[in-house]
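Note that the protein sequences, when read in sequence, are chains Z and G.
At position 84 of the first sequence (counting the first as 1) the number is 84 in our numbering, and the numbers step up by one without a gap.
At position 45 of the second sequence (counting the first as 1) the number is 45 in our numbering, and the numbers step up by one without a gap.
A portion of the hints provided could be inaccurate.
Said to hold, decoys possible - One-sided excerpt, in silico: chain Z residues whose CB lies under 8 angstroms from chain G:
id	residue
1	Ala-94
2	Thr-137
3	Trp-138
4	Phe-152
5	Ile-163
FYI, nobody ran anything at the bench for these hints, they're computed from the structure.
By construction, the Cβ of each residue, glycine as well, lies at the ideal position given by its N, Cα and C atoms.
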Amino acid sequence: MAIKVLAFAGSPRRGGNSETLLDWVLETMEKEVAVEIEKIAIIEANINPCRGCNLCEKLGRCVQRDGMDTIDEKIVAADLIILAAPIFCMGINAQAKVLIDRAQVFRSRKYVLKLPVVPPERKGKRIGIFLSTAGQTWNYVFDAAIPSVKCFFNVIEVREKDIYYLMVNGVDEKGAILTHPTAHQDAEQLASTVIRDLRLRLGE
Amino acid sequence: MPVRVLGISGSPHRHGNTETLLDCFLEGTKEAGASPEKVVLRELTYSPCKGCNVCHRTGECVVQDELSPLFDRILEADCLAVASPIYSMGITAELKGLIDRAQYIWAQKYIQKTRFFTSEYIQRHKGIFISTAGLSWDNVFDAAFPAVTAFFNTMGFEYYDNIIANEMDRYHGIKGHPTALAEAYKKGIQVVKAIEQLRTRSP
């Protein structure tokens, strides 16, 4: 069976640094056999912010009807979920945070309603990747984004030890990543490693 | 002139735990003689930062919406209280939407060099972060602080204090919390007095 890859481009800037990093990963994966890739740009996906109404704790689904309806099903069906987002003001950008906050419905299923988020045979087999870029060169610039990213993956049933990270700092203006000495190669290597890991997990 | 206090509620949930805590803080400032105002972000229509970086060249934001005049009000305030619950270990998308849009002020300071806050100015402008979280973990607020710190820095406010309360799930909401509301009220009084004292000292 084909490996299902679901990738989110979280930046408001299409074709910017974090999306380029994502595209490099996806291009490498596309060259593999039996890999199905779907890429979603969050700003074009019509996702409203979480309203904080907590009704998902009772309903197991969100009361809002928007782009998240289909994304919800895609998240459940994927073997690999990739989130790419830039750092704005020392945190994950607002648009990507909208997706993370809307994953509250999975948290409700998992911890409140005690429902399975994914079918039992998928549990412990899914992988997550967080790709990020930041303009600042500080090495701690990604630190405050990571707890939210871990939270997102945890509720959608990707274990903490199954999250891969590639984060590139010091790239600000559009295209800056193109001249980064290692980012392209690191992205290709990451893509190959993760696909190999997934094939092992899925017993292929 | 009375101390100008601006409270910004970043919760999508009206009159929930975080906004109630903010209200108590604002009541405290009123008790101390200030004239607090409150802005609720979910009542405003605005788009997040587009990441276009045009402000790096012009010092202005290309987006003009209901958030634009709020930045002027923030810059006119002596005390800025920013409130958000913790969602998924971070501040809400609404508040992050505001903070990301402050990039044009950052650009004015660090790229255009058309805006500058003296250390005395920053000392006289106090920023307070107000937050609640359902979880009991001690570290539940940690990932929220850096973005709030960046926001206060950009806008010329000293990061003066936090008013935070976790374990909302255990206490069944802020009203069941033993100390938080009283603490918020007291801190409202204190910060106004602190700003007034700095005013009498300044030349």
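Provide an ascending list of the numbers of those earlier hints which the structure does not satisfy. The structure breaks hints 2, 3, 5; every other hint is satisfied.
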